[in-house]
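Throw the hints in and build the complete structure from the sequences for me.
Number of protein chains: 2
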Amino acid sequence: MNGPMTADQLEKALREIGATRYHNLHPFHKMLHGGDCDKDQVRAWALNRFCYQTAIPRKDASLMGRCDNRQLRREWIHRVTDHDGDGDDPGGIERWLILTDGLGLDRDYVISEKGALPATRFAVEAYVRFVREKTLLEAVASSLTELFAPGIHRERISGMLENYDFISEDVMPYFTRRLSQAPRDADFALEYVKANAKTPEQQQGVMDALIFKTQVLWSQLDALHYAYVEPGLIPPGAFDPRDMS
Amino acid sequence: MNGPMTADQLEKALREIGATRYHNLHPFHKMLHGGDCDKDQVRAWALNRFCYQTAIPRKDASLMGRCDNRQLRREWIHRVTDHDGDGDDPGGIERWLILTDGLGLDRDYVISEKGALPATRFAVEAYVRFVREKTLLEAVASSLTELFAPGIHRERISGMLENYDFISEDVMPYFTRRLSQAPRDADFALEYVKANAKTPEQQQGVMDALIFKTQVLWSQLDALHYAYVEPGLIPPGAFDPRDMS
Numbered sequence: 271m272n273g274p275m276t277a278d279q280l281e282k283a284l285r286e287i288g289a290t291r292y293h294n295l296h297p298f299h300k301m302l303h304g305g306d307c308d309k310d311q312v313r314a315w316a317l318n319r320f321c322y323q324t325a326i327p328r329k330d331a332s333l334m335g336r337c338d339n340r341q342l343r344r345e346w347i348h349r350v351t352d353h354d355g356d357g358d359d360p361g362g363i364e365r366w367l368i369l370t371d372g373l374g375l376d377r378d379y380v381i382s383e384k385g386a387l388p389a390t391r392f393a394v395e396a397y398v399r400f401v402r403e404k405t406l407l408e409a410v411a412s413s414l415t416e417l418f419a420p421g422i423h424r425e426r427i428s429g430m431l432e433n434y435d436f437i438s439e440d441v442m443p444y445f446t447r448r449l450s451q452a453p454r455d456a457d458f459a460l461e462y463v464k465a466n467a468k469t470p471e472q473q474q475g476v477m478d479a480l481i482f483k484t485q486v487l488w489s490q491l492d493a494l495h496y497a498y499v500e501p502g503l504i505p506p507g508a509f510d511p512r513d514m515s
Numbered sequence: 271m272n273g274p275m276t277a278d279q280l281e282k283a284l285r286e287i288g289a290t291r292y293h294n295l296h297p298f299h300k301m302l303h304g305g306d307c308d309k310d311q312v313r314a315w316a317l318n319r320f321c322y323q324t325a326i327p328r329k330d331a332s333l334m335g336r337c338d339n340r341q342l343r344r345e346w347i348h349r350v351t352d353h354d355g356d357g358d359d360p361g362g363i364e365r366w367l368i369l370t371d372g373l374g375l376d377r378d379y380v381i382s383e384k385g386a387l388p389a390t391r392f393a394v395e396a397y398v399r400f401v402r403e404k405t406l407l408e409a410v411a412s413s414l415t416e417l418f419a420p421g422i423h424r425e426r427i428s429g430m431l432e433n434y435d436f437i438s439e440d441v442m443p444y445f446t447r448r449l450s451q452a453p454r455d456a457d458f459a460l461e462y463v464k465a466n467a468k469t470p471e472q473q474q475g476v477m478d479a480l481i482f483k484t485q486v487l488w489s490q491l492d493a494l495h496y497a498y499v500e501p502g503l504i505p506p507g508a509f510d511p512r513d514m515s
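Chain order of the listed sequences is A and B. For the first sequence, the working numbering assigns the number 271 to the initial residue and increments by one for each residue that follows. For the second sequence, the working numbering assigns the number 271 to the initial residue and increments by one for each residue that follows.
Wrong hints could be hidden among the right ones.
What the hints assert, rightly or not - No farther apart than 25 Å at their CA atoms in a straight line, the calculated lysine to any residue pairs in the SDA-like style are these:
1) 384/B - 342/A
2) 404/B - 500/A
3) 404/B - 405/A
Since the hints were derived computationally from the structure, they do not count as laboratory data.
Below you can see the structure in the form of structure tokens.
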């Protein structure tokens, strides 16, 4: 391994990972925002994605729970409240349930996660464990997919509103809110990583953490695609649209 | 083991643990608030206690990090902000540093924890680990020493103001703030424990968790007493008042 990269070289390398590995490149994402999913496939996506949303505050609280740096905890805590809500704000998890409600999914069934694909749950728990067990620098770096999130949220909002008559603006508050939350989070994490990843080993760890996280997101779309598109083999016990009718 | 206790019997048993094991019964506490400590002993106490204060947000974030219950996380999160601060509120850790500043201790030295007794650090880390590794019910129960905290804080405020000319009201904001924070926290945790500890095994776990926590607090005063009072054997590397002069 050569000497360390400059901070700007590291940022460039991280953005390159996003450009080649973020799940906006996945065929299921293209189907979803391009209007090529049927309502049941959108339901399957929203139901599975709930598992991810609901785990985020545990992930972020776990990061804080191993963090000796009070300034970092003070900065990080709003990620928990963004999702759990605080006071009058019902939070992102509740906003996600507005989407699943709007899709006609039973709320208790969604919350139970019983219909989620096992691969979704495994990927989500791998993310929570990664954040608990890796270095703090790697844990922070694994959040950097948010650098690429505003683009995907904008695509989703416009694509889904345009293409699906069962999706209206009032079920999309999760995404409209995230458009302002994610950039703030991503900028902070990027600056932290650039300031703290100094050695080649640390920089490699940061890049690997971001690659890992893109895999967490990508594998969830793989599983959806496999179960609900091609070949369409739904695992035993997972959400089966045929049971709804 | 007989059948389960009623919720009220459990509360009585928990209060009995506090009445017999809380660290307000420790000789060092009696010295401290009775005016029998010299300034160096108060310094040693404040310096060591900082390790405990600064670990509390990690402890509470760790609890949230393993908690699937969003309502419980939403209730618990203010324990983190009470200590870390939030927005304009500098938080309890910062308020504790006002006390150590007022005692003439170097702030960087306090924050470094280099002068703390090893026994303090071990007790504090045992508490953080307990909350991470035991059941959620036991983790919540370990916070129940707060039931007994307002009494001790009131004793400390009045005792220390009366007895020490080097302690004035402006260095005591930590305690005055906790007078209102701790009862809210303790009431919530007590109701949670009463509602969720149903079997004899769970109830025993709750009582053991509270006993464990009283030991975490008590052992810190043991270590202070041993090092700075009787026999006054300061471990190598720990805060030594003779180095200050």
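Here's how the hints hold up against the structure:
Taken as a hint, the residue 384/B and residue 342/A pair is honoured in the structure, with Cα atoms around 22 Å apart against an allowance of 25 Å. Distance check on the hinted pair: residue 404/B and residue 500/A sit about 43 Å apart at the alpha-carbon level, beyond 25 Å; violated. For the proposed pair residue 404/B and residue 405/A, the alpha carbon gap of about 23 Å is at most 25 Å, so the pair holds.
Hint compliance for this structure: hint 2 is the single one not met.
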